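Those protein sequence lines, which keep their order, are chains V and X. My numbering numbers the first residue of the first sequence as 1 and each following residue consecutively. My numbering numbers the first residue of the second sequence as 1001 and each following residue consecutively.
A few of these clues could be false.
[Stated by the list, open to error] Calculated cross-link-like contacts (lysine-lysine; reagent style DSSO-like; alpha-carbon spacing at most 30 Å):
id: 1; chain 1: X; residue 1: K1248; chain 2: V; residue 2: K159
id: 2; chain 1: X; residue 1: K1138; chain 2: V; residue 2: K208
id: 3; chain 1: V; residue 1: K159; chain 2: X; residue 2: K1023
id: 4; chain 1: V; residue 1: K284; chain 2: V; residue 2: K23
id: 5; chain 1: X; residue 1: K1138; chain 2: V; residue 2: K159
Honestly, the hints are just simulated from the structure, not real lab data. Here the structure is a predicted model, which means the values were calculated and not measured.
The lines below spell out each chain.
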Amino acid sequence: MTITFTPLHPGFVAEAQGADLSKPLTPDQVAAIERGMDEFAVLVWRNQPLTDEQQCDFSRNFGDLEQTLIAQLQPNERRLKLAELGDISNLDAKGDLRGRDDARRMYALGNRLWHADASFRATGAGYSLLSARIVPASGGNTEFADMRAAYETLDDATKADVEGLVTEHSIAFSRAALGFDDFGAENAEKIRPVRHSLVRTHPVTGRKSLYLSSHIGAIVGWPVPEGRAFIRDLTEHATQPRFTHAHVWRVDDLVMWDNRTTMHRATRFRDLNEVRDMRRTSIKGTGLTAEQLPVAAE
Amino acid sequence: MTIAIKDLTPGFVGEVSGVDITKPLTAEQVATLEAGMDRYAVLVYHGQPFTDDEQKRFSRYFGDLEMSAGGNVTKAQDRRLAADMADVSNLGADQKPLARDDRRRLFNLGNQLWHSDSSFRAIPAKYSLLSGRIVVEKGGNTEFADMRAAYDALDAKTKTEIEDLVCEHSLIYSRGTLGFTDLSDEERKMFTPVRQRLVRTHPVTGRKSLYLSSHIGTIIGWPMPEARSFIRDLAEHATQPQFCYAHKWAQFDLVMWDNRTTMHRVRRFDETRVRDMRRTTVAGDSVTVAQMAA
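So that you can see chain X by itself, here it is in the shape it has in the complex (with noise of 0.2 Å):
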């Protein structure tokens, strides 16, 4: 089988065929994806219905995983999924959907802000990877945002403007901007701001992109309200509908997107449906720029 990709958004999106992600993947078969996720940012597979350890094994060609502690509220006793997978369903352990008030899922209400996964962490995630096991009919699409387009699209003053900035990110934000507040000491130790550049450059293309997320809180030396404002200014352009593409879900879909490039958000669906998606994300390698000390 020899590993195809299509256009879905051109330069953006693309759809794979040729290859069994329940089977071991050849060294070729690695570079051929790598380099379809550099000229795109997000690939698509249909039909591919493989076990979590399958799903880490895939995963790992691109990286070592990132364990999902440190990126939610859920106790470690609590958990439906091993450490190595972030559990983006709307279930708790005994694989209900969680009650309309549960804590969890009103911190998971978070993931229909625009962010990219991690970007709260010093080191933040390279790619995440996220599996639709039980998908819902209406609703919770998963929508992408193409952050190198949004980039080459900024007026040159724009771009000389944010060029050298610094943010900081933090959940502590994101859950902010929805009201959730309610942390406990750990938990707002846990998710400490980190800094990361507002313009990065891709390692392998050199393309720059503009690095937003909803957990961004602040950009460094500027007055809170006037940084805010303008990181929603950025973000409103970034998410223009000629940057952005709809993943419409089908079960045993798989996409998998680059976080240095992209932001994504779920939207709203009948959460009384069950809907089971497992995301492994591959690690970074480096920051963005140097962090506070301790």
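Here chain V stands alone, though its shape is the one from the complex (with noise of 0.2 Å):
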């Protein structure tokens, strides 16, 4: 079998086909997907039925597995048993929809910011694969907002802006914007921000692209509140509906995309009243995009 590529969202989104991902892959497939990630940036297959093992398997090929920022923060309070795996669930440890006021649905909430995951670590993430055992019956859409179209489509001047130019991240920050801020005093190391550089350059295509995420919570060298409100600017420039694709979820469905190049977010929906069960599996990056501070205190 080939494996085919149909654009969804020219460019950016495509269907792939012609692989079974719950079997080994040869390493000619394997290359055949990652091309298909440079040329777009988001993989939608169909119809793929994983275990979590296989989830896990399969994402392997791509790089090494991160270990989930909540399965770090709140080790005892897991619903999966694989620490690579992310719940994106609005299930508890025993399985029950979560309540109203539940801290970790508040924290999960974050996920309705246009994001890239884990850039609130040194090294970002590479690709995410999301897989879907249970879907709502309406809403809860994951949409994709392509960042090399909106790095391309930014005027000169604003280029010049943005080049050089270095944010700081931090999961605190993204869960303020919502007034969450209950993490812990033994977690504050987790949440200490870490810098990227806001123009990065993809390492196989040389394109570059925006690398924004509502983790941005300053810009080094900016007063806080100008470096935000020009980080909303160019946020809504790259969310704006020509570069965005809404992806509606159906069992079985994974979507892989490459984090160094989009932002994504879930939209809303009954999610006191439905299930919603998604796994995420995150591929570890490699190599920073500006220099660290080193840690003073320490």
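Two chains, two separate frames, one set of hints: put the complex together.
Shown next as structure tokens:
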């Protein structure tokens, strides 16, 4: 079987066909998928029922897996066995719907802000792979924005403005935007801001893209409010309908995207009444986009 | 001279001709303009080089003036303009642009967020009237969003869901969004949150509108993160291009808008340039919902 890509949003999102992701892949197949990821940035696979182990095995074709931050923050409240599997559901450890005031629900609402996965880590994330096990009747879409197209359509003055800028990212910034700040003193280390270049260059294609994320709280060297207002303007530009694609989930969809060149967000659904069980793997990023601050206190 | 109003954006923004704001108006002229404000929500006047006093006299035809105290962090002795004029410039009392890290400038950057003037006051504003005395060539547009059209375009389910919701508004919230949190105890007290209905009905036209503003920090009875993400969704819906108008300023333009039915924001510009805008605000006459006892 040959792997084929049918564009859903030209140059950005394609439906991939021609491989059974539950089985081991050949190096040629892996290379073909990577080429598809470089040409587009989001690939949609339909009808790919996966166990958690199979999802991890497929994902490892593209690099080392990251442990999710929430697994590190709250190791004792896990529903899923594997620490590499991000629990993107509205279920608690027992498998029941989370209540309206549940702190994990508050934390998860941050996924409704445009972000790149793990941009709060110094290396960011490479790909993320999200598998739909149970989907709600309506809502709960995942929307993607193409940060290469967003960069390329900036005017020359703005391109000059953003070149060389470095931003600070922390999970605490995105959660504070929604009024959530309950991380616990023991997690201060994990929410310390990291630095990223605002403009990054894809290692294979050489294309530049805007590295935006709701985890951004400041531009280094700028007054905080001025930095945030500018980042909001850039985000508004980057998430115009012409740069975005909404994925409407079906059970057993697997969507994979490149966090280096895209942002994404979830949309609202009746999460107090309907189950949405999605499982995510993320590939560790390699290399820094900007020099980090030495940790003064250590 | 007869007043004429031409469509800039049908049903939302009108361009007024046939009036000289440096002169007193007749009752009939005032009625024509009020009717225009009800039919549109934003009126644009060109070539109106009036004084502050003339701007105030014109504004008073539509109601009492709101005092600017309670709406900023500029101390009384540092003011450039009278207390019943809002200084929407980037200037200090010395007429020079404020320094990049000046606290007043950083506070005023909040005007780049979509908002409705004085939604943080228990009795929020009726009209705002903004006069461009010195304008910048690039950037600095003021954009307006039509909250009646935004409401009308909601699906029936969402309309039902929001009908009786009440929001908390405060300058603490809008400034917090941009990371401006260094407020004195006195300022925090001055910016104590107030309550506003999320859906308002215009007293003259009877049209409903979404009463949104970046000053919103929560919805009463909702967990804060859920409230904020819902308000963000509504604001994103309400500020889609089909509901918006961008005003590019020429010197001596006057733009007046109804804060009960619109949001607005200023866009980024080179703040080393002088941008001298002066606003009068016509006070509203009632609360939108009962307030908490102090």
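Hint check results:
no.	hint	result
1	X:K1248 / V:K159	holds, 23 Å
2	X:K1138 / V:K208	holds, 26 Å
3	V:K159 / X:K1023	violated, 48 Å
4	V:K284 / V:K23	holds, 22 Å
5	X:K1138 / V:K159	holds, 16 Å
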